[in-house]
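Chemist: What follows is each chain in one-letter form.
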Amino acid sequence: MGLGLCYGCSISYSEPRLIDGFGVWTLKELGYSDIGFLCTEEIETRSVEFRLPKKAAQGPESWYLIHLNFHIKFGEQSEEDLAYVSASTNGYCCAQVKFRVKREDDLLKIDWSTVDLINGKIDYFTSSSVADVSFKNYLQIRGVCPGLNTLTFQLEQYEGCHVESLRILNSSGIECTPIPPPRWDTRAR
Amino acid sequence: MIRKTALKKVILIAVGIVVLVSLSVNSALAWTASHLSTLSIEEDLFRNYDFGSDWDNYTNCSWPVTMLFWNNAEIDKVKSQYRLRDWILWGYSEWAKLNETGDDWIWDTDRGVKKPIGLNFIHMRVYADSDDQLYNISWGYYILGTTHYDKDGETKCGWSEEAEQQAALVAESVPGWGVVEDWGNFYNYEPLRKEVDEEGNEHWWQCGGYATAVYVP
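Chains R and B, in that order, are what the protein sequence lines are. Take 1260 as the starting number for the first sequence in our numbering and just add one per residue. Take 116 as the starting number for the second sequence in our numbering and just add one per residue.
Among the hints, a few may not be true.
[Stated by the list, open to error] Distance ranges between label pairs, derived from CB positions:
id, chain 1, residue 1, chain 2, residue 2, range
1, B, Ile-203, R, Ile-1302, 18 to 28 Å
2, R, Glu-1288, B, Thr-216, 30 to 40 Å
3, B, Gly-268, R, Ala-1316, 29 to 39 Å
4, R, Ser-1306, B, Asp-201, 27 to 37 Å
5, R, Ala-1316, B, Gly-217, 15 to 25 Å
[Claimed, not checked] Using 25 Å as the maximum straight-line C-alpha spacing, the simulated BS3-like pairs for lysine-lysine come out as follows:
id, chain 1, residue 1, chain 2, residue 2
6, R, Lys-1380, B, Lys-194
7, R, Lys-1332, R, Lys-1287
8, B, Lys-194, R, Lys-1361
9, R, Lys-1368, B, Lys-194
10, B, Lys-212, B, Lys-229
[Said to hold, decoys possible] Take a look, some chain R residues computed to stay more than 12 Å from chain B by CB distance:
id, residue
11, Arg-1276
12, Val-1283
13, Gly-1290
14, Thr-1385
15, Ser-1393
16, Leu-1398
17, Arg-1401
Quick caveat, the hints were computed from the structure, so don't treat them as lab data. The beta-carbon is built from N, C-alpha and C at its ideal position, and this holds for glycine as well.
One chain only, chain B, in its complex shape:
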């Protein structure tokens, strides 16, 4: 509990909001986010949504960042714990934009881990630098995650907030891991709303704006 409350003291700073307007919608997987921003923690920077490709634009977003695995986290380590709990599938790649050096931004891609629930799926992608590890003196070794559901043959996707709660429940079941749901403001609030592309695919935005923090021992 000490760790959880102490972590809350870390201040996230939203240092910018992209307001560029683009009229181009060139991909069935590109959706329009409400609050695409850059967040900073110590010397690190990251964008608070993942993207459908390596194009940083609010019309090319996929899902809000809803999960932070911190302290002693690493991509393979976190995924292995979810795979042990039936998140055994994966999806297509999405992209996250990160900056650990303070100099150059890098893109990381991930296909995630995915759990079948009847005919539907719950899907979490996790990102770090290309080496699967990120470090700063506030969060230790950390990675970031996005969450959503895939329903009806993946023609209806979204509900990130509800998916975040399911991902948090899994983390709570791992011995030693500590979970604080809706721990910190990642400035990516999305009211429940639907976008539909030309092929009729539905993208359901839903995010409380506060990410869940998972302490990995």
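Chain R extracted, bound-state conformation:
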């Protein structure tokens, strides 16, 4: 267990920090350390809180994105199956990373894929059992609320898949930007 790593089910401070300007607000700046998962359940979640201004909304003047950076390691005994790491704000998912565990010549290999509004679909391939993932995406419209917001990280692992460790890095966080999603069309509003 690393220094400052929190394994609590929910992490709360007396007064969640306010995101009140453009820029990236990391978990560290919001007052949180890296977040570890026990990886013992099929589905595990960890949550942190932050606040947004009274008139916060997903566009058209300010747009909010998730920055999700994490390190994941699969157990050598893992069988071929799937795992997902996701993030949501107020229950609305904005990050979904799909891992596919494969065995080739008895060696564990991890492929993963992401889809987001900035880069579209990206496939990653590795011949190792570990992955360092960096991802960002625009939040759902309903995932942005004035006042208190809850950011939840979720690990799902199925059947023979065995995640040995998952650490959400505190370089993850929320970005506020004036730049709308690509292909966002004001005529459709």
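We have chain R already, so just place chain B on it with the hints.
Modeler: Same frame as chain R, but now just chain B:
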């Protein structure tokens, strides 16, 4: 409940209805839909029926889109929950036409998940982009589904509305999933009617036009 009511506010826009007429009927699996349309949500577009092949024509339709799995959905994730509940078989591939980039349309194929009920089956196919994931800021990560029954050795197929209700019941049994039956108008209403091909296979159209929305946490 907040999520369910909020989702209802999302407006689906039917942006076009195919009215091209074709006299060719070249496949036993091609049937004639009443309301083939393109629907849009944010920057995404999709056709509101699946097809017997990669030919976009109202005479080549198979089944109306009756299911929307949204928020944190993905093809394998959704199928795995149905397989855990005895939807352990699959059928032949059908095709769905989607457009997530705003540029090019793509075709996705799926064989679905299928549950035996006596000598009959209930069958659901689910579609996304070829990567099994779709995303927009209204529905999050979502996939689309069609539903129907296969009866009498698959010589009689259809009843999508009743099959949708069965698929919704399964979704309700998954911990954490939230279901709103007949949530949104997908503009694919089909009154109960029968089509018969040259070999005597019966295709029973039936759809209320409103798809069921399933929140995946």
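Chemist: Evaluate each hint against the coordinates.
Modeler: Verification of the hints:
1. As the Cβ distance of Ile-203(B) to Ile-1302(R) is approximately 22 Å, the hint placing it in 18 to 28 Å holds.
2. Between Glu-1288(R) and Thr-216(B) the beta carbon distance is about 34 Å. The supplied range of 30 to 40 Å therefore holds.
3. One distance hint, 29 to 39 Å for the beta-carbon pair Gly-268(B) and Ala-1316(R), is violated here, with the actual separation near 55 Å.
4. Checked against the given bound of 27 to 37 Å, the beta carbons of Ser-1306(R) and Asp-201(B), roughly 34 Å apart, stay inside it.
5. Take Ala-1316(R) and Gly-217(B): their Cβ atoms lie about 23 Å apart, and the range 15 to 25 Å holds.
6. A distance of roughly 21 Å separates the Cα atoms of Lys-1380(R) and Lys-194(B); the hinted pair therefore holds under the 25 Å criterion.
7. For a cut-off of 25 Å, the pair hint linking Lys-1332(R) to Lys-1287(R) stands: about 23 Å separates their Cα positions.
8. Our distance criterion of 25 Å between C-alpha atoms is met by Lys-194(B) and Lys-1361(R), whose separation comes to about 19 Å.
9. Restraint check: the Cα-Cα separation between Lys-1368(R) and Lys-194(B) comes to about 23 Å, which is no more than 25 Å; the hinted pair holds.
10. Pair hint Lys-212(B) plus Lys-229(B) holds up; C-alpha atoms about 22 Å apart against a cutoff of 25 Å.
11. No Cβ of chain B comes within 12 Å of the Cβ of Arg-1276(R); the nearest lies about 24 Å off, and the non-interface call holds.
12. Annotated as non-interface, Val-1283(R) keeps its C-beta farther than 12 Å from every C-beta of chain B; the closest such distance is 19 Å.
13. The claim that Gly-1290(R) is not at the interface with chain B holds, since no C-beta of that chain comes within 12 Å of its own (minimum 26 Å).
14. In this structure Thr-1385(R) is separated from chain B by more than 12 Å, as the shortest Cβ-Cβ distance comes to about 18 Å.
15. With a cut of 12 Å on Cβ distances, Ser-1393(R) stays outside the contact zone with chain B, its closest approach being about 17 Å.
16. Distance to chain B contradicts Leu-1398(R) as a non-interface residue, since its nearest Cβ pair spans about 7 Å, not more than 12 Å.
17. Separation of Arg-1401(R) from chain B is inadequate, the least Cβ-Cβ distance of about 5 Å not exceeding the 12 Å criterion.
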